[in-house]
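S.K.: Sequence:
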Amino acid sequence: MDEIKNKKAMESQGDTAEEQKDEALLEEEEEKEKDLDDLAPEDLEDLTEEPPLLDLDFEEGPTAEELKLEELSAEEVEDDTAMENVNLDDPVKLYLKEIGRVPLLSSDEEIELAVKIGEGDEYAKKRLTEANLRLVVSIAKRYVGRGMHFLDLIQEGNVGLIKAVEKFDHTKGFKFSTYATWWIRQAITRAIADQARTIRIPVHMVETINRLKKVQSQLLHENGREPSEELIAETMNLPVERVREIMRVAQEPVSMETPIGPEEDSRLMDFIRDEEALAPDDAALKTITNEDIDSVLKTLTPREEAVIRLRFGLQDGRCHTLEEVGTEFHVTRERIRQIEAKALRKLRHPVRSNKFKDK
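Numbering (the numbering used here), first residue to last: 1 to 359.
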């Protein structure tokens, strides 16, 4: 008896503990709801927005082969901040003026700072970043016209630069500018893929498109003519169908409002046929009434009229085959073809056809 009482007491305590746990969870959820109710709209946006690019792991970093390729292009863009063909507004001009005051670093200074960064020196990280802001500008200007403002391109490139500063390993034997160029390009191209295109495509596809365009340009320079899809596929070690697919995806949508002509007084939409509108010849035919058609067909023999109506869909809206019409009249396909040809010759006679021309 005592055992039963003890068992019931333990079960009662367990139920009480479970109830207390449920109540605690309920109170916690209510507190969260209250907290959300107290948030301003902009705070709610912060909770739902995606993490910034800096927090994302693109990949582990560039391979040695990629860095060797980047080494060649890095020399072209390093400290190249000439702004031909780039429209600059006041904020950009001010930014360029500010970063222009920061002295560049020698290779030895870069290595020295890299060592200090490895030891956790925040000032060294800041110094290496600021000294390479001009590299970001020189790379960003090459992406102007891809759907993002120049200053936005610079900001995204700076994210890549910070990533490069954090991950740079001077013992690999590459200059910092070479390593940073890869990360800056990664950040900019990914931002363009995510924000600039009308139809968003995956980032890995954007990188493949960029590689294809680079190969295209290289082959054009080497051969003096546009490379074929087969040559591009061979160079990229890809199937021809895959290259065609990449080219199709790479096409940007064209606005129907795009100006056309030397004076730009027309729009692209003016030259695109409306599939729902009638063509001029079809519209002209529509003006001919059923009564006109009936009156002309009545000049044929009853059999000729019936054959024409069935063959051209004037009877039930469906064009019947020679076989079907032959079955209807219990004659051969060839006989129906002869009747149809004779009826059409009659209809082309000026006496009959002039009735339509007068309309």
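Source of the hints: derived by calculation from the structure; they are not laboratory data. One or more hints might be untrue.
[Stated by the list, open to error] Within a straight-line C-alpha distance of at most 25 angstroms, the following computed PhoX-like cross-link-like pairs (lysine-lysine) qualify:
id, residue 1, residue 2
1, 116, 93
2, 172, 93
3, 116, 175
4, 141, 126
5, 175, 214
6, 126, 172
7, 167, 213
8, 172, 213
S.K.: With reference to the structure, classify each hint as holding or not holding.
M.R.: Checked hints:
1. Restraint check for residue 116 and residue 93: not satisfied, since their Cα atoms lie roughly 32 angstroms apart, outside the 25 angstroms limit.
2. For the suggested pair residue 172 and residue 93, the alpha carbons sit about 36 angstroms apart, so the restraint of at most 25 angstroms is broken.
3. Between residue 116 and residue 175, the direct Cα distance comes to roughly 16 angstroms. Compliance with the 25 angstroms bound is thereby established for this hinted pair.
4. Between residue 141 and residue 126 the alpha-carbon distance is near 23 angstroms, which keeps this suggested pair within the 25 angstroms criterion.
5. For a cut-off of 25 angstroms, the pair hint linking residue 175 to residue 214 stands: about 23 angstroms separates their Cα positions.
6. At most 25 angstroms may separate the alpha-carbon atoms for a hinted pair to count; residue 126 and residue 172 meet this at roughly 22 angstroms.
7. For the suggested pair residue 167 and residue 213, the alpha carbons sit about 28 angstroms apart, so the restraint of at most 25 angstroms is broken.
8. For the proposed pair residue 172 and residue 213, the alpha carbon gap of about 29 angstroms is over 25 angstroms, so the pair is violated.
Of the hints listed earlier, those the structure fails to meet are numbers 1, 2, 7 and 8, in rising order.
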